[in-house]
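Novice: So the sequences go chain by chain: A and B. Okay, so the first sequence: first residue is 336 according to our numbering, each after it adds one. Okay, so the second sequence: first residue is -9 according to our numbering, each after it adds one.
The reader is advised that the hints may include incorrect statements.
Think about it this way: if two alpha-carbon atoms lie no more than 27 Å apart in a straight line, the pair counts; the simulated DSSO-like pairs of lysine-lysine are [as the list claims (entries may be wrong)]:
id: 1; chain 1: A; residue 1: K341; chain 2: B; residue 2: K211
id: 2; chain 1: B; residue 1: K223; chain 2: A; residue 2: K363
id: 3; chain 1: A; residue 1: K341; chain 2: B; residue 2: K194
Over 12 Å on every C-beta distance to chain B, these chain A residues come out as not near it, computed from the model [to be verified]:
id: 4; residue: K341
id: 5; residue: S346
id: 6; residue: L353
id: 7; residue: E355
id: 8; residue: S358
id: 9; residue: A359
id: 10; residue: E377
id: 11; residue: R396
Taking CB as the label site, the calculated pair distances span [unchecked claim]:
id: 12; chain 1: B; residue 1: P200; chain 2: A; residue 2: K429; range: 52 to 62 Å
id: 13; chain 1: A; residue 1: E339; chain 2: B; residue 2: E170; range: 26 to 36 Å
id: 14; chain 1: A; residue 1: L354; chain 2: B; residue 2: S226; range: 41 to 51 Å
id: 15; chain 1: B; residue 1: R381; chain 2: A; residue 2: W344; range: 13 to 23 Å
id: 16; chain 1: A; residue 1: S340; chain 2: B; residue 2: E38; range: 34 to 44 Å
id: 17; chain 1: A; residue 1: G392; chain 2: B; residue 2: Y83; range: 56 to 66 Å
id: 18; chain 1: A; residue 1: K363; chain 2: B; residue 2: A327; range: 54 to 64 Å
id: 19; chain 1: B; residue 1: P374; chain 2: A; residue 2: E355; range: 50 to 60 Å
id: 20; chain 1: B; residue 1: A327; chain 2: A; residue 2: K341; range: 26 to 36 Å
id: 21; chain 1: A; residue 1: G357; chain 2: B; residue 2: N219; range: 32 to 42 Å
Hints were generated in silico from the structure; no laboratory data involved. All C-beta atoms in this analysis are idealised placements derived from N, C-alpha and C, irrespective of residue type, glycine included.
If you want the building blocks of each chain, they are given just below.
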Amino acid sequence: MSEESKPGWRSIPIAGILLEPGSAMKYKTGDWRAFRPVIDEEKCTYCLLCWIYCPDGAIIREEKTVRVNYDYCKGCGICANECPVKAITMVEEKK
Amino acid sequence: MSRIMGLTGDGAVAYAVKQCKVDVVAAYPITPQTLIVEEFSEYVHNGEVHTEFICVESEHSAMSACVGASLTGARVFTATASQGLALMHEILYIASSLRCPIVMGVVNRTLSAPINIHCDHSDMMGSRDCGWIQVFVENAQEAYDWVIQAFRIAEDPDVLLPVAVNLDAFILSHSLEGVEVLDDADVERFVSTRKPVFTIDPDKPITVGPICFTDYFFETKRQHVEAMNNSPKTISKVNDEFAELTGRRYGFIDTYEMDDAEAAIICLGSTAGTAMAVAKKLRDQGKRVGVIKPWVYRPFPAEQIIDACKGLKALAVLDRACSIGAPYGPLCNDVTAALYKENVRLNVFNVIYGLGGRDITPFDIEAIFNETLEVAKTGMIREPIKFVGVRE
């Protein structure tokens, strides 16, 4: 949304409060990312350390593998750093 | 019905807070505000109030606890002074931006260094842009009256801003005066109970204080400005109702002999009382002098001050604080900006006085009046900023 299409000060709740619970989901922070974690499924041992360490809850646990939720992953690289088998590579985001 | 009680300025504040049925007080003692908290804690101990009294480890925590309590919909009070206000500084902005109608007694004491416990206004002036409504009082009666009115002003849904009631250290805080107090029932009827616009409630969750970046922060600040802009309407309404109840008429400014004055002093707090007494003496000598005392400092009563200055030829603006490096002291910066904005040409000079509790005597005030009369006559300002009472 462009700045102009957002509601003005007269129509938003006061004090910056959010009236709707769980609305952080609407705030997609994936575009903050400079580097993207890419998981090599061949190397992944499903140890789930990346899932534990991810500060944004952006690692999604599937039945036998993990994947990254790029809508919220900010590209901090903690998962790649923690992965004991080096299955995660940080790849530069290209425009 | 009302009766007269012997109260110090601090005692008058504590007594008013007691009558306002405050839900939560979180405070940390600091001279010369200590009496407020001490006396109020006695009311709590004796079971005279049902207030949750939170003892905290600092003023930063005191204001933080006040913010949390206020967000639950509670009526909240705290008090501080000097270094304590400085330590609260960051939470002052959070309280006003989160639209918490907290009322705070500020017993104006200077800021270190060198360390000093006495009166000047540098504490509140250092936080004057924190988005709070600010009131300055001349005596204990006014302290009592404004604290009661402050809850009504702060909690009005059109305003929802915290209010600081400023009283001069020792000169007011520790001086005993006869104060006309109202019956508990009258105060209770006047302030009623707080009806919060939004509250934090586990059954109806909202998020308070989430991150707010470039896309919404400016809008939130603009709302804050609007709340301050709306506040004069509420302040006037509350002043009117209070006058009806007590016969004591408050407003944005108090004036003394301004109708035909050619020279005047404008000043905040207890000094105004001295200035009025001196003005009376000079009036008896046929000198046309007057006094303007802003009760409300934020929102700045520009319109009322300009109106009071009609026909005036010279004005001395007395500041009990420095804004070091600025064109004038804080009050004079505001007064001159207000005059310029309305295209009013008036001879104004600034007097810095009373720092660190240095006494301002009737002789000092008389000399300032005489200089203002001289400026009125000649149109010449010898010293744009005059330091009165300091040794050379």
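Novice: Next step is simple, just say for each hint if it's right about the structure.
Specialist: Hint check:
1. Restraint check: the Cα-Cα separation between K341(A) and K211(B) comes to about 16 Å, which is no more than 27 Å; the hinted pair holds.
2. Distance restraint check for K223(B) and K363(A): the Cα-Cα separation of roughly 42 Å exceeds the 27 Å cut-off, and the hinted pair is therefore not satisfied.
3. Of the supplied pair hints, the one linking K341(A) and K194(B) holds, its CA atoms being roughly 26 Å apart against a limit of 27 Å.
4. Its beta-carbon lying about 6 Å from the closest one in chain B, K341(A) breaks the requirement of being farther than 12 Å from that chain.
5. Distance check for S346(A) against chain B: the nearest CB is about 9 Å away, which does not clear 12 Å, and the non-interface claim fails.
6. Not every CB of chain B lies more than 12 Å from the CB of L353(A), the least distance being 4 Å, so the non-interface label is violated.
7. With a closest Cβ-Cβ approach of about 8 Å to chain B, E355(A) is found to fall inside the 12 Å limit, against its non-interface label.
8. The claim that S358(A) is not at the interface with chain B is violated, since a C-beta of that chain comes within 12 Å of its own (minimum 7 Å).
9. A beta-carbon of chain B is positioned within 12 Å of the beta-carbon of A359(A); the least distance is around 8 Å.
10. Consistency note on E377(A): stated as away from chain B, and its beta-carbon is indeed over 12 Å from all of that chain's, at 38 Å minimum.
11. The claim that R396(A) is not at the interface with chain B holds, since no C-beta of that chain comes within 12 Å of its own (minimum 26 Å).
12. Against the hinted window of 52 to 62 Å, the Cβ-Cβ separation of P200(B) and K429(A) comes to about 32 Å, which falls outside the hint.
13. With their beta carbons about 56 Å apart, E339(A) and E170(B) fall outside the hinted range of 26 to 36 Å.
14. Checked against the hint of 41 to 51 Å, the pair L354(A) and S226(B) fails, with Cβ atoms roughly 32 Å apart.
15. Between R381(B) and W344(A), the C-beta spacing of about 51 Å breaks the proposed range 13 to 23 Å.
16. A beta carbon spacing of about 56 Å between S340(A) and E38(B) contradicts the range 34 to 44 Å that was offered as a hint.
17. Roughly 31 Å separates the CB atoms of G392(A) and Y83(B), a value that falls outside the hinted 56 to 66 Å.
18. For K363(A) and A327(B), the hinted distance range of 54 to 64 Å is not satisfied, since their beta carbons lie about 44 Å from each other.
19. The hinted range of 50 to 60 Å is satisfied by P374(B) and E355(A), whose Cβ atoms lie roughly 55 Å apart.
20. Evaluation of the 26 to 36 Å hint for A327(B) and K341(A) yields a pass: the beta carbon distance comes to about 33 Å.
21. The hint said 32 to 42 Å for the Cβ distance between G357(A) and N219(B), and at roughly 34 Å that hint holds.
The structure does not agree with the numbered hints 2, 4, 5, 6, 7, 8, 9, 12, 13, 14, 15, 16, 17, 18 stated previously, though it agrees with the rest.
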